[in-house]
Structure formats: structure tokens, C-alpha cells
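K.L.:
Build out the structure end to end from the sequences listed, making use of the hints.
Note that the working numbering numbers the sequence shown so that position 137 is 137, with each residue one more than the last.
There's no promise every hint is true.
To be verified - Simulated DEER-style distance windows between Cβ atoms:
1) Ser25 with Asn165: 16 to 22 Å
2) Thr137 with Pro35: 30 to 36 Å
3) Gly24 with Lys78: 30 to 36 Å
Unchecked claim - Here are the simulated DMTMM-like cross-link-like pairs (lysine to aspartate or glutamate), alpha carbons at most 20 Å apart as the crow flies:
4) Lys78 with Glu33
5) Lys28 with Asp8
6) Lys64 with Glu79
7) Lys2 with Glu114
8) Lys169 with Glu140
9) Lys78 with Asp8
10) Lys98 with Glu79
11) Lys2 with Glu33
12) Lys28 with Asp50
13) Lys64 with Asp50
14) Lys184 with Glu71
15) Lys144 with Glu170
16) Lys184 with Asp50
17) Lys2 with Glu79
Hints were generated in silico from the structure; no laboratory data involved. The beta carbon of each residue, even a glycine, is placed where N, CA and C say it ideally should be.
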Amino acid sequence: MKSRRALDSIAREISACQLCPLAGSRTKAVPGEGPGSAMMMLVGEAPGRDEDLSGRPFVGRGGKLLSAALETIGSSRKEMFITNVVKCRPPRNRVPLKLERNACMKAHLAREMEAVGPNVIVLLGRTASASILGVTTLKESRGKLVHSEGRTYLPTYHPAAILRNPRLKETFQRDLRAALAASKR
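P.N.:
Following this line, the structure appears as C-alpha cells:
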């Protein structure tokens with residue numbers, strides 16, 4: 001209950017946030033969603049067009065792929081807390097700037113992580129992995145459990161990468177399966 005209140009408070013702050021220039025171009029800010037007691041958290045890069053319009057994370061094509069992958073491994077997005085590094089859509093879906101990532105991570109993402117307290121945080125894509133773990137390429141950490149600052153992370157592909165290259169789908173599902181197993185330990 002305490003984590004739900006904290007997450008609701010964070011969501012209100014995200015909706016009113018003006019900490020970086022992305023606030024001026026968004027339709028809706030996109031706070032994370034899911035149970036405050038989730039054992040697994042999924043962190044993407046930034047909202048896309050569908051997310052910007054709906055105010056919900058991972059509802060477009062990538063979100064549908066993510067939901068299907070979770071069902072394939074015997075889970076559901078209802079069991080996960082799903083969020084992004086930045087909470088507003090960058091213009092033309094560009095990669096969020098370091099200033100934007102840092103502002104959002106400090107003000108919002110770190111607090112979402114603290115409120116949920118997941119056993120494993122899945123980092124979806126290079127931007128999330130670089131922002132949180134400082135890795136320069138996804139290749140160096142993809143599919144490996146990484147322990148940093150008291151948290152356990154598993155970097156993997158972003159669903160958009162699977163849409164562009166369907167051959168990555170099995171690896172993506174294997175990574176999600178490993179993260180799910182680790183979250184239950």
C-alpha cells in the first residue's frame with residue numbers, strides 16, 4: 001500500500017514535470033505502470049507516439065511484442081512494473097539527450113525503482129543500459145545479470161529491435177525468461 005501511494009505521487013509529479021525541454025513538446029507524460037510489489041521491472045528508453053498520446057508505457061507495436069513475449073515465457077505485463085528512462089517523447093523519436101535522461105532518472109526513475117523495489121530490473125535496449133549501467137554497447141552485457149549499487153539488472157534488446165530484426169526474438173525471450181527466474185529467487 002505504501003509503495004502504491006508513492007507511485008501515485010510520482011505519477012502526479014511526472015504529469016506536471018517541467019525539468020527538461022521535453023515537457024514542452026509532449027502530449028502526455030508517461031509514468032510507469034504496474035503493481036507496486038512487482039518482482040520484475042522493465043525499463044525502456046522513452047515513450048513513442050502511441051505512448052505520448054495515451055500516457056501509458058509500451059502500448060504501441062513494441063508494447064504488443066513485449067506483452068506477447070511475456071505471455072510466451074509464462075508471465076504477463078500485469079505482473080511487471082513497466083517504465084522508461086525518460087517520461088516524455090523526444091521529438092521525432094530521437095534518442096533522449098544526456099541532460100534529459102539525467103533529469104528524469106534522478107527525479108523520477110530512481111524513485112520508481114525505490115518504491116517498487118523489484119528483484120530484477122530488465123533494461124530494454126542500449127539507451128536504458130547505457131543510462132543506468134554506463135555500458136557503451138549492449139553487446140558487452142546483454143543477457144547477463146549485472147549487480148550494481150544494490151540492484152540486479154539484466155540488459156536485453158528493446159522490443160523495437162525485434163520489430164526491425166525478428167531473428168532476435170528467441171534471444172529476447174530467453175533473456176526475459178532468465179530475468180523472470182532470477183526475480184523469483
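K.L.:
It remains to establish, for every hint, whether it holds in the given structure.
P.N.:
Hints and how they fare:
1. Ser25 with Asn165: 16 to 22 Å: Violated, at about 29 Å.
2. Thr137 with Pro35: 30 to 36 Å: holds (32 Å)
3. Gly24 with Lys78: 30 to 36 Å: holds (33 Å)
4. Lys78 with Glu33: Holds, at about 9 Å.
5. Lys28 with Asp8: With a Cα-Cα distance of about 16 Å, the restraint between Lys28 and Asp8 holds, given a limit of 20 Å.
6. Lys64 with Glu79: holds (15 Å)
7. Lys2 with Glu114: holds (12 Å)
8. Lys169 with Glu140: holds (19 Å)
9. Lys78 with Asp8: It holds: about 17 Å lies between the C-alpha atoms, which stays within 20 Å.
10. Lys98 with Glu79: violated (30 Å)
11. Lys2 with Glu33: Since the Cα atoms of Lys2 and Glu33 sit roughly 15 Å apart, the hinted pair holds (cutoff 20 Å).
12. Lys28 with Asp50: Holds, at roughly 10 Å.
13. Lys64 with Asp50: Answer holds: Lys64 to Asp50 is near 11 Å, not above 20 Å.
14. Lys184 with Glu71: holds (17 Å)
15. Lys144 with Glu170: Within the cut-off at roughly 16 Å; holds.
16. Lys184 with Asp50: violated (32 Å)
17. Lys2 with Glu79: holds (18 Å)
The structure does not agree with the numbered hints 1, 10 and 16 stated previously, though it agrees with the rest.
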